[in-house]
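J.: Residues per chain, in single letters:
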Amino acid sequence: MTVLAPDARPALPPSPYRVVDRGRETSDTATIVLEPVRSALPPFSPGQFAMVFGFGVGDIPLSVSRIEGDRLTHTVRSVGAISTRLASLEPGAPVGVRGPFGTGWDLSAAAGLDLLIVAGGLGLAPLRTLITAALRAPERYGRLNVLVGARSPGDLLYAGQPERWRNAGARVLVTVDRPDDTWRGDVGVVTGLLNRAGFDPDRTVAFLCGPEVMMRATARDLARRGIAPDRIQLSLERTMHCGTGHCGHCQLGPLLLCRDGPVVRWDRAEPLLAVREL
Amino acid sequence: MTVGTPASTVLDKDGLDALIALLAGDGRTVIGPTVRDQAIVLAEITSGAELPYGWGVELEAGHYRLRSRTDGAAFAHSAGPQSWKTYLHPQRERQWTADLTADGDMEVREETSQPPAYAFIGVRPCDLRAIAIQDRVLGGGPHADTRYAARRRQAFVVAVECTEPGATCFCVSMGTGPAVGPGYDLALTEVVDGGGHRFLARAGSAEGEEVLSRLPHVPADEETAGTARRLVEEAAGRMGRTMPEVDLRALMQETLDADRWNDVTARCLTCGNCTMACPTCFCTSVEDVTDLTGEHAERWRRWESCFDVDFTHLSAGPVRASPLSRYRQWLTHKVGTWHDQFDSTGCVGCGRCIVWCPVGIDITEEAHALNAERAAARGAGEVSR
Ligand SMILES: Cc1cc2nc3c(=O)[nH]c(=O)nc-3n(C[C@H](O)[C@H](O)[C@H](O)COP(=O)(O)OP(=O)(O)OC[C@H]3O[C@@H](n4cnc5c(N)ncnc54)[C@H](O)[C@@H]3O)c2cc1C
Ligand code: SF4
Ligand code: SF4
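Sequence order for the protein chains is A and B. Heads up, the final residue of the first sequence is numbered 278 in the UniProt record's numbering, and it's a clean run with no missing numbers. Heads up, the final residue of the second sequence is numbered 385 in the UniProt record's numbering, and it's a clean run with no missing numbers.
Derived by calculation from the structure, the hints in this document are not laboratory data. Just so you know, not all the hints are guaranteed correct.
Said to hold, decoys possible - Across the chosen pairs, the derived CB separations fall in these ranges:
1) A:R151 - B:A150: 45 to 53 Å
2) A:V187 - B:R267: 19 to 27 Å
3) B:Q154 - A:D267: 40 to 48 Å
4) B:D340 - A:P43: 26 to 34 Å
5) A:A274 - B:A206: 47 to 55 Å
6) A:R220 - B:P142: 28 to 36 Å
7) B:R267 - A:D200: 48 to 56 Å
8) A:G185 - B:R94: 50 to 58 Å
Fair warning: this is a prediction, and the values are worked out from it, not measured in the lab. We treat Cβ as the ideally placed atom computed from N, Cα and C, and that holds for glycine.
Chain B extracted, bound-state conformation (with noise of 0.2 Å):
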C-alpha cells in the first residue's frame, strides 16, 4: 500500500455519504440502489440519503415485497429486478450508422458517443462475479465489444458484503458469496449495533485506496473488524436455497432427454423474464433502422431472450420450436454448456429469475429434480441434500 490508509476502515454514514458525493464530484455518474415504486431498484444517486435505509425485501418464487427494517440497514437487501448489466450492458444501443454519399458508396462511422464513467455502489458479491462473468463474453475472446469493455475500464465498483442473504439466495452453491471475491475498487461490510451504525471498508485497487484516502475515516477496530467477519460468515448458514452438490454441467449433459423438462414446460410460459432479470444473460439481437430518406441507416443492438421462438429463426423455421427445447437451453446453457464456452458457470445464484418469474419456476428446485430423476433412473445414490 502506497498512500498512509490503513488496510482496512471504519466509514460513517456520513463517511457513505462523502463517498457518493466525491466520486460524484470526480465526474462519475452514480449508481446505486434506492426505493422506487414498491422496489430496490438501481438508479442515479446523487446523495447517501437516497440509498434505501431502514429497507429490507421478502422473497419467494414469484414473490417480492419490500419491507421496513428497524436497524436501519442501508444494504440488508438482497438482489432487486434489475442487475450492473443494465448500465454495463445497455438493453438497447446503437452501435454504428451508415449514410450513402452523393457517388453512391456508404460511409460507415462506428458509435463514437463517450460512455458515462459510472461508479456503482452496492455491489453484492454475487452480482461482482456476475459482472467477470459478462467481462469474459463480452470482453474476452478474439473480438471485445470495445463499447462493453469501455464502460468496465472506466467503472468504479464498490461492492457490499452480504449480510441479510435472500429467501431466494443461493451463493454459497455457485461459490460466489456472501464474502466479497476479486473485482473491487472498494468493499463495504455494513455493521450496525450498540457501537453504532458504521461501515468497515477496504480497497481492493490502487484507485480504491486513493479514493478511501480522500474520506474521512477512522482506522478500523477489532470490533468492528470481528463483528463484519461473523456477520458475513453467518449469513453463509441462512442460504435461502441450494444447488445439487453434484457436477452441474455433467448433470445437465446427462439429463437432456429427462421427463421433468415436460414437467417444467407445463409451467412456463416463455415469457423471457427470468433472462432478462439475469445478471449475466447477455444474448442481444440486432435491428437496422433507415431514415425517410432512406440515405441513413442505423445499426442498433438490444437484448434479446432465448425464449422468443425467433431466437434461433432460419430461414427453415426456428430451430428451437418447441418451449421444451427453449427452457431446456436457458437452464442448460446457464449451469452447464457455459463452462464450454466461457470456462465458468453462467449462474451466481442472485436467485433474480426465481424471483421475477411469474409463475415461480425456480432454478435450484430444477435442478434438484433432474439430479433426482437421474439418481432414480441410475438406482443409486447421488441423491440431492
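Here chain A stands alone, though its shape is the one from the complex (with noise of 0.2 Å):
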C-alpha cells in the first residue's frame, strides 16, 4: 500500500558489538567502550542514543557519551537488570546495538553564541560529547560554561576531564549536594551556580541533562534570567523498549520522545511537564 514508506531504514536486529574496554567511573557507574563486530551503525551525533542489548537480558537506551571513529562510548549507571549487565561486561564480551537514535543536541543553534552546558549527575554523559564538538571548533562558539553537579565527590564522572576542558578554554563549575572531607568546591544544587556562570542571556544557548526536577528547575530559572525558552535544549527521559517510534511506552503528550526527543526544546517541553503525570 501507498503508505508504507519505501525509504525506511529497518532498525532490527541489532549489530554485534564488542567491548573493548571498561572503567569505573563511581561506586555505580562504568563507562564502556564499543567497538563494531563487522560494520558499524550509522554515525552518531551529540545527544542521540543507541538501543544497547546484553545477551539474554534485553536492551536499554544509552546515550553516546563519546564518539571516536566507529567506536561508541557509553557510560551506564546500574539500576536494574540490564544497565547492571552492561556495566559490568569485560573487554571481549559481546553486544548487540541498534542505532542511531533520537533527534540529538542542536549545536547549530549556537552558532556565534556562547553556551551554557548544565548537567546533573549521570547527565553529563550525554552532554560529554557536545563539550567535545564546541570545543573542537571554538572559532564558532563563543564563551563555554559547563556548570556540573553531583550527589557527592564520589558520584562526579569523568575524573580529570573537567580540568581538560578547563585547559581548552572552557569555564567549568562543580557543586556536590554532600561535600566530603576532601571537597574544596562549590556546595548545593547545580543551579546555585548559574549566578557564578555570569553569562550573557541574549546570546546564550543553554543545554540541560539531569534528573527532570533538577532540568525544570533550571530551565525555569534560565528563563526568568531571560534565556529564550527557545535556546534552552533538555534531554527528557522515557521507558523505551524499541527506539523506533513503534512500542509507543515513550509517550509525553503529543511527543513520541525516542522519535521527537530525546533532546526537546523549552517551549515545547515546558506546558507538557508543566501537566502532573502526562
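Starting from the two chains in their separate frames, assemble the complex, guided by the hints.
T.: Here it is as C-alpha cells:
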C-alpha cells in the first residue's frame, strides 16, 4: 500500500559490537567502549542514543558519551537488570547495538553564541559529546560555560576531564550536594552556580541534562534570567522498548521521545512537563 | 480498467463462495467473520458457508449478544471482539534471535519465517481506515516495521460496506463510514430483498479487478446498485453514537485538568480491554528469553496496554502511576495527540472499546462530558449535540 514508506531503514536486529574497554566511574557507574565486530552503524551525533543489548537480558537506551570513529562509548549506571549487566561487561564481551536514534543536541543553534551546559549526575554523559564538539570548533562559538552537579564527590564522572576542558578554554564549575572532608569546591544544587556563571542571556544557548526535577528548575531559572525558551534544550527520559517509534512507551503528550526527542526545546517541553503524570 | 470487467458487478452467494475458494486456491490464508462461542469472531475460513449468514448482534456499552436475523444476511453485524490487527500486527511475535558463538562473539539473525499471504473478507469501512492508520504508525516513519509491511503488502482486502450499524457505532462522526473509503482490493455491498440475496462488487485495485474477472458475475443492474447506495445512505442516519462536533484534539488539550477524569477513573478498572479490542492501538513491549544452555536468546514482542502501571516504568518509578493519568493517556492519545504523532485521529468509531469494557465506559460519553465541562467553564455556547 502506498503509505508504507519505501525508503524506511529497518532498525532490527542489533549489530554485533564488542566491548574493547571498560572503566569504573563511580561506585555504581562504569564507562564501556564498544567496537563493531563487522560493519559499524551509521554515525551518531551528540545527544543521540543507542539501544544496547546485553545477551539474554534485553536492551536499554543509552546515550553516546563519546564518539570516536566507529567506536561508541556509553556511561552506564546500574539501576536494574540490564544496566547492571552492561556496566559489568569486561573487554571482549559481545553486545548488540541498534541506532542511532533520536534528535540529538542542536549545536548549530549556538553558532556565534555562548554555550551554557548544565549537567546533573549522569546527565553529563550525553553532554560530554557536546562539550567535545564545541571545544573542537572554538572559532564557531563564544564562551563555553559548563556547570556540573553531583550527589557527592564520589559521584563525579570523568575524573580529570573537567581540568582538560578548562585548559581548552571552558569555564567549568562543579558542585556537590553532600561534600566529604576533602571537598574544596561548591556545595548545593547546580542552579546555585548560575549566578557565578556570568552569562549574557541574550547571546546564550543552554543545554541541560539530569534528573527531570533538576532540569525543570534550571530551565525555569534560565528563562527567568532572560534566555529565550527556544534557546534552552533538554534531554528527557521515558521508558523505551523499541527506539523506532513503534512501542508507544516513550510518549510525552504529543511527543514520541525516541523520535521527537530525547532532546526537546523548553518552549515545547514546558507546558508538557507542567501537567502531572502526562 | 484493462480487463473486460464492468466498473461494478453483482455476485450471488455462490459467487462469494467462489471468491473465497479462488483466494484460497491462490495460496492465501482467508480470514473472515464466523460464529464461535456466542460471538462473531475472525478466523480462517475455507468456504462461504462459514460466514455468519443469518446472524446479527445486539450491542450496548459492556454488552454483546448474537441474535438471529430473518433475512439471512452475512454482513449485517458490526465489529466483533477482534480486529484485523490480530493478523497484521500479531499479539506476540519473535523479532530476532541471538546465539553466542564458540569464539565468544554473538550472531544475530532477523526473524525470517515467511508471514502468510492473507485475504481478509468483510473488512468494515471503519476497520479499513484502522488498517490505514496502523500503516502510518508501523509502516511509516524513518524505521519501518518490515514484518508488518510485508504482511500488509501481501494482504488482499475485501471490504464490506455497512448497512446495519450497531448501537455503539459512530463512524459518521469520525468520517470513516458507513460507505467504504480507499484502500480495498474489492468492495462489496450486501443487498437482500425481493430481487434475491446478492452482493454489489467493485474493484479498487488491479489485483481486485483481476480476481473479479475470474468469478461468475453479472454486470450490476440499476436496481441493485441503487438499493445498495440507498442502504448505505440510510445506515449513515442510524448511528448509535456520536462524538461532539468540535475539534477533538483541541478539546483534549484544553481539558487535561477536567473534573470528569475523576468521574471516569472511579469506574475504570484499568483492565486494558479497550486497548486490546481497539483496531488502531499498537503499543507493544519486548521480552527476551534464553534457552537452558544460556547460549541462545530470542527477542519477542507482544501487545501492551497503556493501562498497565509498568508501561511507564522508570528506575525512579512509573510516570503514570495513577489510574486517572492512564485513562487520560488512552483517551487523549486516541483522539488528540495521535494527530500530532501520526497526522490523523487514532479512533475510527468502531465502538469496540465501548462494547468490550467490562464496566461499560463509553468513549463518546466521556468526550461529550468533557466538552460539556469545558463549555460550562467557558460559560458559553459550544455544547455538544
Ligand atoms: C534517551 C535515553 C538515554 C539514556 N541514556 C543513559 C545513559 O547514557 N546512561 C545510563 O546509565 N542510563 C541512560 N538512560 C536510562 C537507562 O535507559 C535506564 O536506566 C535503563 O533502561 C535501566 O534498565 P534496567 O534494566 O537496568 O533497569 P530497570 O529499571 O529494571 O528496567 C529498565 C527498562 O526495562 C523495562 N522494564 C523493566 N522492568 C519492567 C517492568 N516491570 N515492566 C515493564 N517494563 C520493565 C523498561 O523498558 C525499563 O525502562 C537513558 C534513557 C533514555 C530514555
Ligand atoms: S477508540 Fe474505541 S471506537 Fe475508537 S477505534 Fe478504538 S475501539 Fe474503536
Ligand atoms: S475503560 Fe473499560 S476496558 Fe478500558 S481499562 Fe477502563 S475498565 Fe478496562
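J.: Now look at each hint and say whether the structure bears it out.
T.: Against the structure, the hints:
{"no.": "1", "hint": "A:R151 - B:A150: 45 to 53 Å", "result": "holds, 49 Å"}
{"no.": "2", "hint": "A:V187 - B:R267: 19 to 27 Å", "result": "violated, 50 Å"}
{"no.": "3", "hint": "B:Q154 - A:D267: 40 to 48 Å", "result": "holds, 44 Å"}
{"no.": "4", "hint": "B:D340 - A:P43: 26 to 34 Å", "result": "holds, 29 Å"}
{"no.": "5", "hint": "A:A274 - B:A206: 47 to 55 Å", "result": "holds, 52 Å"}
{"no.": "6", "hint": "A:R220 - B:P142: 28 to 36 Å", "result": "holds, 33 Å"}
{"no.": "7", "hint": "B:R267 - A:D200: 48 to 56 Å", "result": "holds, 55 Å"}
{"no.": "8", "hint": "A:G185 - B:R94: 50 to 58 Å", "result": "holds, 52 Å"}
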